[in-house]
Each structure stands twice: as structure tokens, then as C-alpha cells.
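Residue numbers (this note's numbering), protein chains in the order written: chain A, 1 to 277; chain B, 1 to 268.
One or more of the hints may lead you astray.
Stated by the list, open to error - Below 25 angstroms or equal to it, Euclidean Cα-Cα: the simulated DSS-like pairs (lysine-lysine) are: (1) A:LYS67 <-> B:LYS85; (2) A:LYS207 <-> A:LYS187; (3) A:LYS132 <-> B:LYS264; (4) A:LYS207 <-> A:LYS270; (5) B:LYS85 <-> B:LYS187; (6) B:LYS248 <-> B:LYS152; (7) A:LYS13 <-> A:LYS35; (8) B:LYS85 <-> B:LYS150; (9) A:LYS35 <-> A:LYS103; (10) B:LYS182 <-> B:LYS23; (11) A:LYS67 <-> B:LYS23; (12) A:LYS162 <-> A:LYS187; (13) A:LYS35 <-> A:LYS262; (14) A:LYS162 <-> A:LYS67; (15) B:LYS182 <-> B:LYS248; (16) A:LYS13 <-> B:LYS182; (17) A:LYS220 <-> A:LYS207; (18) A:LYS167 <-> A:LYS207; (19) A:LYS35 <-> B:LYS22; (20) B:LYS83 <-> B:LYS133; (21) B:LYS133 <-> B:LYS22; (22) A:LYS13 <-> B:LYS83; (23) B:LYS187 <-> B:LYS83; (24) A:LYS162 <-> A:LYS132; (25) B:LYS248 <-> B:LYS83; (26) B:LYS187 <-> B:LYS266; (27) A:LYS177 <-> A:LYS162; (28) B:LYS264 <-> B:LYS187; (29) B:LYS135 <-> A:LYS132; (30) B:LYS264 <-> B:LYS85; (31) A:LYS220 <-> A:LYS270; (32) B:LYS22 <-> A:LYS132; (33) B:LYS22 <-> A:LYS67; (34) A:LYS67 <-> B:LYS264; (35) A:LYS103 <-> B:LYS85; (36) B:LYS208 <-> A:LYS13; (37) B:LYS83 <-> B:LYS266; (38) A:LYS216 <-> A:LYS162; (39) B:LYS264 <-> A:LYS13; (40) A:LYS132 <-> B:LYS85.
No lab work stands behind these hints: they were computed from the structure.
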Amino acid sequence: MISIENLHFAYSKNRVFNGISTQLQPGHIYGILGKNGTGKSTLLHIISGLLFPTEGTITVMGFTPGKRHPSFLRDIFMVPEEFHLPNISIADYIDLNGPFYPKFNRQQFFDYVRGFGIPEHSTLQAMSYGQKKKVLISFGLATNVSLLLMDEPGNGLDIVSKGQLRKMVAGAADEHKCILISSHQVKDLENLIDEVLIIDDTRILLKQSLETIAAKLSFKISFDPTDLVGALYSEPLLRGNTVVTPNTEGEESNIDLEILYKAAMADPEKMQAIMMD
Amino acid sequence: MNQLFNAGRAWLLFRKYFGENKKAYALLFLACGASLTLLMGVNLSFTNAYLFEETAQVMYYFTGMIVWGCLSGSLLFSDLGSKSKAINYLLLPASSLEKLVCTVLFGIVIYFIGYTLIFYAVDFTMVSLANEKFKTVWPVINVFTINLYKSKFFEDGQTSYFFYIHFGLQAFFLVGSIYFPKYAFFKTAIALVLIWVFAILYLVIYMKNVVTPGLYYDGILEVFDPSGRNKIVRLPGGLEGTVEFFFKYAVAVWFWVVAYYRLKEKEV
């Protein structure tokens with residue numbers, strides 16, 4: 001669905017990507033992780049055609065995003081971190097915007113809106129930032145586009161709403177859709193994504209399915225100091241340590257995305273070596 | 001599916017644009033009406049009845065149209081100056097051409113029609129009041145026969161040149177609204193002044209040294225010797241016609257084409 005080959009991008013002299021290549025397939029929910037300013041949003045903007053690569057190629061569903069062909073735009077939707085909604089009612093908003101997306105489902109939209117607890121007859125401008133974001137997320141999910149891009153969707157949402165968001169996104173996913181979610185709040189992506197993509201220092205540090213990660217790494221809380229020897233990453237707790245070690249015994253463990261991210265950032269080369277092993 | 005222009009998609013875009021901007025246009029027309037009322041109302045308080053003769057009405061008509069046209073033109077693509085609005089606008093499933101046509105339709109064509117209707121409403125009222133006050137019989141002007149009225153700036157029969165100036169200026173401000181994300185009106189106005197200054201300097205300093213000294217008043221490209229009687233250069237009439245055609249009809253279209261390409265290559 002998304003093919004990126006030797007992509008370079010820079011904001012004047014500030015290099016963001018230096019020859020990244022990757023493939024993203026439908027039927028997956030990808031979580032894009034990275035520090036602030038590493039290029040998570042930039043990558044989403046390039047994929048959606050809002051930014052053009054300085055070098056390299058990108059094709060999305062057979063289109064070159066930068067050309068912004070209507071046939072391409074009608075099958076993608078982006079929930080940006082900074083968004084704008086006009087000063088009209090929810091009903092007017094979907095009447096005016098829904099028809100641009102052939103697979104838009106009105107009923108589905110109102111189900112999501114109700115799920116978020118938003119009054120259906122409200123005017124958008126009278127809503128809080130979080131409520132507006134919920135409307136936009138609901139609209140994005142109801143468009144049923146093949147490629148849904150969400151940039152920090154959890155920002156501005158309360159704890160309960162973040163849970164609902166995870167539930168809705170998981171419910172909207174199917175084998176024909178590709179969902180990309182960028183976040184620096186790793187917890188927002190837990191129990192939602194099935195592939196993780198970590199960006200750091202102009203490159204993709206890690207792109208792997210959670211299934212593979214679980215097979216290659218072991219996450220545990222250890223009270224034995226000898227476990228720290230040879231650990232990829234460890235973090236002291238009130239009692240014991242959280243430890244990430246190569247999964248040599250084939251044991252099953254729950255992936256802690258935050259610890260995975262920290263482990264990848266702490267020793268990128270070792271992490272890549274383990275994943276390629 | 002046609003990626004350049006599709007009537008169905010364009011209709012959806014017009015519908016959306018109208019739905020989301022009708023209040024802004026209502027306010028714009030209200031402001032046009034208010035400013036015309038203020039201008040003509042102040043003139044009504046004076047004792048000069050000629051402030052309502054046809055020539056004066058023509059000037060009110062074009063002054064309001066050009067001022068508000070430039071102001072509104074500089075806002076037409078102001079959404080591109082805000083990241084959140086620009087994302088919304090650029091990712092809307094319509095082609096750049098459809099987006100430009102929609103903007104031109106509302107910002108230029110509908111503005112022109114709306115402003116003219118507002119002007120008629122205000123002008124009719126004010127001229128009626130003036131006739132009542134001054135015991136005159138000034139008629140309300142007819143914008144469809146604008147060349148019948150004299151103007152202080154152009155020769156007889158050339159008053160419609162104000163239309164060309166208006167559409168050219170508005171198109172220039174439209175392009176400015178894409179090029180300058182912030183303070184588009186002021187920056188475009190400054191750019192316009194700089195272009196004007198450059199053109200004057202070009203004519204006064206450069207052209208003066210290139211062409212034979214003389215008068216240039218009879219036509220665009222005829223050169224006379226200092227006495228003004230003996231024509232010493234006559235460039236082809238077709239060239240003069242081309243220049244005239246460009247400034248009359250092609251300037252606005254040329255700026256729209258610039259806007260189209262700028263829109264296509266806009267990044268956020």
C-alpha cells in the first residue's frame with residue numbers, strides 16, 4: 001500500500017530523513033514512535049502529499065501523494081495534530097464533507113459521536129478542543145478510507161476517551177485498511193497497534209510486528225540482580241527492575257511499548273542486531 | 001476519473017464553500033453596503049448637488065469595488081497561512097483547478113455581482129434622497145453602459161477600463177494571499193507599489209536612454225521628436241493591440257494561472 005524508497009527530506013538545512021526505505025501493508029495498524037522533532041508528523045505529511053520528498057520516491061496505493069490527485073485524496077484521511085473545524089453544526093459538517101468520501105457512513109459517524117458522548121446537535125465552534133477532536137476522529141473513521149493517518153490522536157483526550165479511541169480504531173480496522181498512528185505518548189498505542197515503527201536521527205530505527213518483537217525480546221520484572229547482566233535495557237522500579245533481554249528461551253511476555261522504545265533508543269545497534277537475527 | 005476537473009466534484013466543493021463561508025460573505029457585503037452608505041451619506045450632508053451626478057456615482061462604484069475587492073481578494077487563500085486550515089484545504093478530495101475555480105467563482109464573480117447589487121440598492125436610495133434634497137433629477141447609473149459616463153482618469157468611452165483595473169488588481173491580491181501567509185494584504189500592497197516604482201524607474205531611467213527622446217502621448221508605441229509633430233518611429237499596430245489586450249484581459253487570467261501552480265506546489 002505504501003512504498004518508500006530512499007526517501008530524503010529536509011526543512012532547509014535541517015535534515016529529517018536521510019534515505020529511508022520501507023513498505024507498509026494494508027490490514028495493519030502501525031504505531032509510529034519517536035522523540036519530538038524526529039519526523040513523525042513529517043512522515044505522515046509526506047505520505048498524505050502535504051510535503052514533497054527532496055529525493056527518493058514514495059507511492060501510496062499506486063499514486064504519487066505530492067500530486068494530490070482527487071482519486072488519491074478521497075481514499076485517505078488525516079487526523080492532524082493541529083486541526084480546524086468550521087463554525088457549523090455537526091449535521092452540516094457531515095452533509096458538506098461526507099460526500100467527498102465515497103465510503104463515508106453517516107450512521108457509523110453518529111455511532112462514534114455517541115460513543116464519545118458528544119451531543120449530536122452541537123455546533124462545532126461551541127465545543128472544547130477535545131470534543132472537536134472526537135468529532136474529527138469520528139469523521140475520519142466513518143470515511144472508511146483505505147489509509148487513515150492519525151497524528152497524536154490522544155492529545156487533548158481524557159483517559160476514558162483514550163480508551164474509547166483505542167476501541168473504535170481497533171473496531172474500524174480490517175484487512176483492506178492501513179492505519180498509521182503517530183504518538184510520543186507510547187501508552188496511547190498499547191493494545192492497539194500490531195506493528196511498531198521507531199524513527200530516530202533521520203532513519204527508521206526499528207520496524208517490526210509486535211509478534212516478532214515478542215518472539216525476540218523478553219519483557220519482565222526481575223528481582224534478581226544477575227538478570228541485569230546482558231540485559232538490553234533495564235529500569236529500576238520501587239522493587240526490582242523492568243528488564244528487556246533477548247528472548248533466547250522462547251518465553252511469552254507482554255510487550256511494554258514504553259520500555260521497548262526506551263530500549264531501542266538506549267542501544268539502537270544492539271536492538272537492530274537482535275531483530276535481524 | 002478525471003483528476004483535473006469533474007463537474008460533480010466541483011459542485012460538492014461549491015456547496016461546501018458556500019456552506020462554510022456564507023456568513024463571511026454576508027458580512028463582506030454588509031461592510032460594502034455600510035461603507036458606500038457612509039461615503040454617500042457624508043456627501044449628502046454637503047451642499048454640493050454635483051456629488052451625485054453620474055460621474056461621481058461611477059467613481060463611488062469603482063472605488064468601493066476596487067478597495068473591497070483587493071481586501072477580500074487578499075483573504076481568498078488566507079487559509080493556507082494557517083497550518084491547520086491548510087491541511088484541511090489541501091487534503092480535501094478535489095483538484096487544485098477545482099479549488100481555484102471555486103475561489104474565483106465566489107471571490108471574484110459572486111463578489112462582483114453581489115457588490116454591484118449592493119451598490120445599486122445604496123445608490124438608488126442615496127440618489128433619490130439627493131434629488132429630493134437638491135431638487136435635481138440625477139439618474140442612477142447603469143453599469144452595463146458604463147462607457148457612456150465620463151471619467152476624470154480615462155478618455156471618453158473608456159470608463160470600462162476601471163473593470164480591467166479591478167479584475168487585474170483583485171487577481172494580484174489573490175496571488176498575494178497564497179504567497180504571503182501572514183499580513184497578505186499589506187505585503188501584496190507593498191509588492192504592488194514596488195512593482196509600480198520599478199516600472200516607473202524602468203521607463204524614466206532605462207527607456208529614456210534607449211529610445212529617441214520625444215513625446216509618447218499618442219498611442220502606446222509611437223515616438224515623436226521633441227516638437228511633437230514628426231513621427232520618427234512607428235512600431236507595428238498589432239504589437240500595440242497585443243499589449244492592450246494583455247493589460248485588458250490577460251493580466252487577471254495570468255495571475256489566476258500563477259495562483260493555480262502555486263496552489264499545486266503548496267506544502268504544509
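Hint-by-hint comparison with the structure:
no. : hint                  : result
1   : A:LYS67 <-> B:LYS85   : holds (19 angstroms)
2   : A:LYS207 <-> A:LYS187 : holds (18 angstroms)
3   : A:LYS132 <-> B:LYS264 : violated (29 angstroms)
4   : A:LYS207 <-> A:LYS270 : holds (14 angstroms)
5   : B:LYS85 <-> B:LYS187  : holds (21 angstroms)
6   : B:LYS248 <-> B:LYS152 : holds (19 angstroms)
7   : A:LYS13 <-> A:LYS35   : holds (19 angstroms)
8   : B:LYS85 <-> B:LYS150  : violated (45 angstroms)
9   : A:LYS35 <-> A:LYS103  : violated (35 angstroms)
10  : B:LYS182 <-> B:LYS23  : holds (22 angstroms)
11  : A:LYS67 <-> B:LYS23   : violated (32 angstroms)
12  : A:LYS162 <-> A:LYS187 : holds (10 angstroms)
13  : A:LYS35 <-> A:LYS262  : holds (11 angstroms)
14  : A:LYS162 <-> A:LYS67  : violated (34 angstroms)
15  : B:LYS182 <-> B:LYS248 : violated (30 angstroms)
16  : A:LYS13 <-> B:LYS182  : holds (23 angstroms)
17  : A:LYS220 <-> A:LYS207 : holds (22 angstroms)
18  : A:LYS167 <-> A:LYS207 : holds (24 angstroms)
19  : A:LYS35 <-> B:LYS22   : violated (42 angstroms)
20  : B:LYS83 <-> B:LYS133  : violated (54 angstroms)
21  : B:LYS133 <-> B:LYS22  : violated (37 angstroms)
22  : A:LYS13 <-> B:LYS83   : holds (21 angstroms)
23  : B:LYS187 <-> B:LYS83  : holds (19 angstroms)
24  : A:LYS162 <-> A:LYS132 : holds (14 angstroms)
25  : B:LYS248 <-> B:LYS83  : violated (36 angstroms)
26  : B:LYS187 <-> B:LYS266 : holds (19 angstroms)
27  : A:LYS177 <-> A:LYS162 : holds (21 angstroms)
28  : B:LYS264 <-> B:LYS187 : holds (22 angstroms)
29  : B:LYS135 <-> A:LYS132 : violated (60 angstroms)
30  : B:LYS264 <-> B:LYS85  : holds (16 angstroms)
31  : A:LYS220 <-> A:LYS270 : holds (19 angstroms)
32  : B:LYS22 <-> A:LYS132  : holds (21 angstroms)
33  : B:LYS22 <-> A:LYS67   : violated (30 angstroms)
34  : A:LYS67 <-> B:LYS264  : holds (8 angstroms)
35  : A:LYS103 <-> B:LYS85  : holds (24 angstroms)
36  : B:LYS208 <-> A:LYS13  : violated (45 angstroms)
37  : B:LYS83 <-> B:LYS266  : holds (11 angstroms)
38  : A:LYS216 <-> A:LYS162 : violated (29 angstroms)
39  : B:LYS264 <-> A:LYS13  : holds (24 angstroms)
40  : A:LYS132 <-> B:LYS85  : holds (14 angstroms)
Hints 3, 8, 9, 11, 14, 15, 19, 20, 21, 25, 29, 33, 36 and 38 from the list above are not met by this structure, while the remaining hints are.
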